[in-house]
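Undergrad: Here are the chains, one letter per residue:
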Amino acid sequence: MRYALAIISVLVLALHGIVFYDQFFAKWQDYQDEYYQKAAELTDGADLKKDLQSRKPQIEQTIVRGFGEERVDRCMSCHIAVDDPRFTKADQPLRTHPPVPGHGFATFGCTMCHDGNGRALDQVGAHGTHPHWPWPILPNWAIEANCVQCHNEPGWEGAPAVNRGRRLFFERACFTCHTIAGLSAGSIGPELTNEGRNRTIEFVDAKIENPRAQNPTSTMPRQNLTKEQRSDLVVFLKAQQGQHISRAPLQAFRAAQADRPKWLPLELVLNSEKSAALGTMPDAERGALMLQSVGCLACHKLDAVDGKVGPDLGYSASQRDATWLMTHFNDPKSVVAGSIMPPYPLPEEIFKALTDYLLVKPVPAVPADPKEQFAALCARCHGENGNGEGVIYTFLDPRPRDLTKASFMKSKTRERLVASVMNGVPGTSMAPWGRVLGEQGSAALVDYVLATYDKGSSVKPPANRVVPQTNPVAYTPDSVKRGEEIFLNRCWGCHGKKADGHGPNAVDIHPRPRNLRNTPFVRSLSYARLHESIKYGVQGTAMPAAGYDFALGDKSIGDLVNYIESLNTKQAAAPATAPARTATTEVTQ
Amino acid sequence: MANPIDQAMSQDTRVSRRQALTLTSIAALLGANAVVWFSNLLFFKPRVTYGEPSRFRLGKPDAFPLGTRLPLGSQRVTIIRNEAGVAAISNTCTHLGCVVATTEIGFDCPCHGSRFDAEGTVLGGPAPRPLPWFKVSLSPNGELEVDTATPVPAGTFLKV
Numbered sequence: 001m002r003y004a005l006a007i008i009s010v011l012v013l014a015l016h017g018i019v020f021y022d023q024f025f026a027k028w029q030d031y032q033d034e035y036y037q038k039a040a041e042l043t044d045g046a047d048l049k050k051d052l053q054s055r056k057p058q059i060e061q062t063i064v065r066g067f068g069e070e071r072v073d074r075c076m077s078c079h080i081a082v083d084d085p086r087f088t089k090a091d092q093p094l095r096t097h098p099p100v101p102g103h104g105f106a107t108f109g110c111t112m113c114h115d116g117n118g119r120a121l122d123q124v125g126a127h128g129t130h131p132h133w134p135w136p137i138l139p140n141w142a143i144e145a146n147c148v149q150c151h152n153e154p155g156w157e158g159a160p161a162v163n164r165g166r167r168l169f170f171e172r173a174c175f176t177c178h179t180i181a182g183l184s185a186g187s188i189g190p191e192l193t194n195e196g197r198n199r200t201i202e203f204v205d206a207k208i209e210n211p212r213a214q215n216p217t218s219t220m221p222r223q224n225l226t227k228e229q230r231s232d233l234v235v236f237l238k239a240q241q242g243q244h245i246s247r248a249p250l251q252a253f254r255a256a257q258a259d260r261p262k263w264l265p266l267e268l269v270l271n272s273e274k275s276a277a278l279g280t281m282p283d284a285e286r287g288a289l290m291l292q293s294v295g296c297l298a299c300h301k302l303d304a305v306d307g308k309v310g311p312d313l314g315y316s317a318s319q320r321d322a323t324w325l326m327t328h329f330n331d332p333k334s335v336v337a338g339s340i341m342p343p344y345p346l347p348e349e350i351f352k353a354l355t356d357y358l359l360v361k362p363v364p365a366v367p368a369d370p371k372e373q374f375a376a377l378c379a380r381c382h383g384e385n386g387n388g389e390g391v392i393y394t395f396l397d398p399r400p401r402d403l404t405k406a407s408f409m410k411s412k413t414r415e416r417l418v419a420s421v422m423n424g425v426p427g428t429s430m431a432p433w434g435r436v437l438g439e440q441g442s443a444a445l446v447d448y449v450l451a452t453y454d455k456g457s458s459v460k461p462p463a464n465r466v467v468p469q470t471n472p473v474a475y476t477p478d479s480v481k482r483g484e485e486i487f488l489n490r491c492w493g494c495h496g497k498k499a500d501g502h503g504p505n506a507v508d509i510h511p512r513p514r515n516l517r518n519t520p521f522v523r524s525l526s527y528a529r530l531h532e533s534i535k536y537g538v539q540g541t542a543m544p545a546a547g548y549d550f551a552l553g554d555k556s557i558g559d560l561v562n563y564i565e566s567l568n569t570k571q572a573a574a575p576a577t578a579p580a581r582t583a584t585t586e587v588t589q
Numbered sequence: 590m591a592n593p594i595d596q597a598m599s600q601d602t603r604v605s606r607r608q609a610l611t612l613t614s615i616a617a618l619l620g621a622n623a624v625v626w627f628s629n630l631l632f633f634k635p636r637v638t639y640g641e642p643s644r645f646r647l648g649k650p651d652a653f654p655l656g657t658r659l660p661l662g663s664q665r666v667t668i669i670r671n672e673a674g675v676a677a678i679s680n681t682c683t684h685l686g687c688v689v690a691t692t693e694i695g696f697d698c699p700c701h702g703s704r705f706d707a708e709g710t711v712l713g714g715p716a717p718r719p720l721p722w723f724k725v726s727l728s729p730n731g732e733l734e735v736d737t738a739t740p741v742p743a744g745t746f747l748k749v
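Taken in sequence, the protein lines are chains A and B. When we follow my numbering, the leftmost residue of the first sequence carries the number 1, and every step to the right adds one. When we follow my numbering, the leftmost residue of the second sequence carries the number 590, and every step to the right adds one.
The reader is advised that the hints may include incorrect statements.
Straight-line alpha carbon distances no greater than 35 Å define the calculated DSBU-like cross-link-like pairs of lysine-lysine that follow [said to hold, decoys possible]:
id: 1; chain 1: A; residue 1: Lys49; chain 2: B; residue 2: Lys634
id: 2; chain 1: B; residue 1: Lys634; chain 2: A; residue 2: Lys50
id: 3; chain 1: A; residue 1: Lys227; chain 2: B; residue 2: Lys634
id: 4; chain 1: A; residue 1: Lys352; chain 2: A; residue 2: Lys333
id: 5; chain 1: B; residue 1: Lys724; chain 2: A; residue 2: Lys49
I should point out that these hints are in silico values taken from the structure, not numbers from a laboratory.
Make a model of the complete structure from these sequences and hints.
TA: This is how it looks when you write it as structure tokens:
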């Protein structure tokens, strides 16, 4: 007992001693003592010397009242030599601050420019480097982010990094997804108006370097930026510290909402001397300039420039027409349902100029050898090994077909594969290559793919399939209803209750279940092909042979097809007749 | 009393283990208690407040030419510069704490009519004491520094 009491008593004494020491012997007192000592050594005159040596450390603080919320900055309790010009070479914290004309410490304080926590008196607290303090001290390369809080005229030459970052924000198409109040109006990604207030520079930097660093399901494409470009963009985003909505007066909020531009004025996107010359340029030349200025090449490939996110634009003239391109610019999802391309907040004239340019731009030469053709045209999506994992495959939906999967490749006729190459697959990123390669070239390419990647010689192509060429069930509301019942019994687990391909089982399935609301795709299919896929399944994928596994007869399959068609019409009520088809492919076996 | 063992015990001047432990415990607990009381007493005096700092800088002495009588509103002092040097006189009336007006020849209090001459001596009115003078010194970077927490006798000038 007495041992325990004695030990505990000594511990209690030690604890109180530590707390006392911690409270009353702070680092800043040592720094001030050291400073007065050094300053006295440097001072001439006995009186001044004595005065300095007799000074007691005290908390030095500046109360900044001139800028919004009152700030209390006690930084000079440690950094007491900031205004003493004799300490330029000293170690921190006793170093002279480089002169910033017109920005006196008594008026501006410290945290105005440097961030950090002005009230704290220990290093970690004051520099704000512990987690959960949203404004840790800014490194010098990022200090411009706070200069432009007051010097907020656009293009102020005192902040070159912010200006470069602002250019990148447009050149890299960030503005199409992200809103910054007064600058852009994208609605796909999170609003960045308060990004600098909410996030540290480390967070923003990591996010730009790898968009999936903090959020594994982010659809933001990664950008191939150099380290310098990234830091410029980080400084620009750190400068975005607009008022939080909850603190803005209602009138100001409403005015800001009313001012939100529907599309961007060109002057914002282009720099002024370029936009002045726009009126006199031919359409195509204007398009070439736009293509670089509004950020197309941040994702797409055109000749030597490759953003490594979106499809190659070089062959557009041979693949697309003006209607397709204009529809795509206005709403990319209407032609490629799974596209991650944002609808651009730009006026119609710009789309027109871009379309004209893409249609007159000469198509790059195509190599004659199928092997080189595959490397030049196909490998970017389908991968050099043909396994469907090319450089951009994660950004495409549906993902590029795995050409090495013999069971799938063998289950399709050569004619159908050639047709897919020539006509493309509507509603997906597979473009029609028929005018680029020609019929014989396409066939040769398919033969090359089959010979090179299809190693499953033991897999036999399916035979003896019986598929009706037209729907045995008339398209009626009753039939659609029956089809929906079957769908909600049998299909929704993978295809999803909305039939958008996102059912609960879909996450584990490659290739993913089809999005049956992809209208361009569904309308491109013949009845026979839909019937065949449902009845016999799709080999090499997770689609089962529903005709056998679920014992669905031809009539039930007809109801299902009617239901799928009813999803792909814009009329709310079920239409009296089935929507028109544009099908060219037919099942032959 | 004649018990030899008792005698031996009483002659043994070494402290027993039991006593040593007890003494240690008592000393440590009393020590801890003393530390607590001492630090509590220290906490009574705030080390810093959110008011204007009592020690503040004015800038280089060149900013105050001869003959200056410059009242500083927020810090409540008037800076005087003459042949003798620089001095700082309080602007707070010693009667009820109003801010006095600095004039060419002295200070006038607007509240109850107290009057002071150029050096802060009471000329009339209810003010009981002259206006205090504050210490002016040169800070290490060569700027003038006023410390309103340290009064000095009237007529103390800093030679510059």
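Undergrad: Decide, hint by hint, whether the structure agrees.
TA: Right, here's what the structure says about each hint:
no., hint, verdict
1, Lys49(A) with Lys634(B), "holds (29 Å)"
2, Lys634(B) with Lys50(A), "holds (27 Å)"
3, Lys227(A) with Lys634(B), "violated (52 Å)"
4, Lys352(A) with Lys333(A), "holds (19 Å)"
5, Lys724(B) with Lys49(A), "holds (16 Å)"
Hint check: a violation occurs at hint 3 only; the rest are consistent with the structure.
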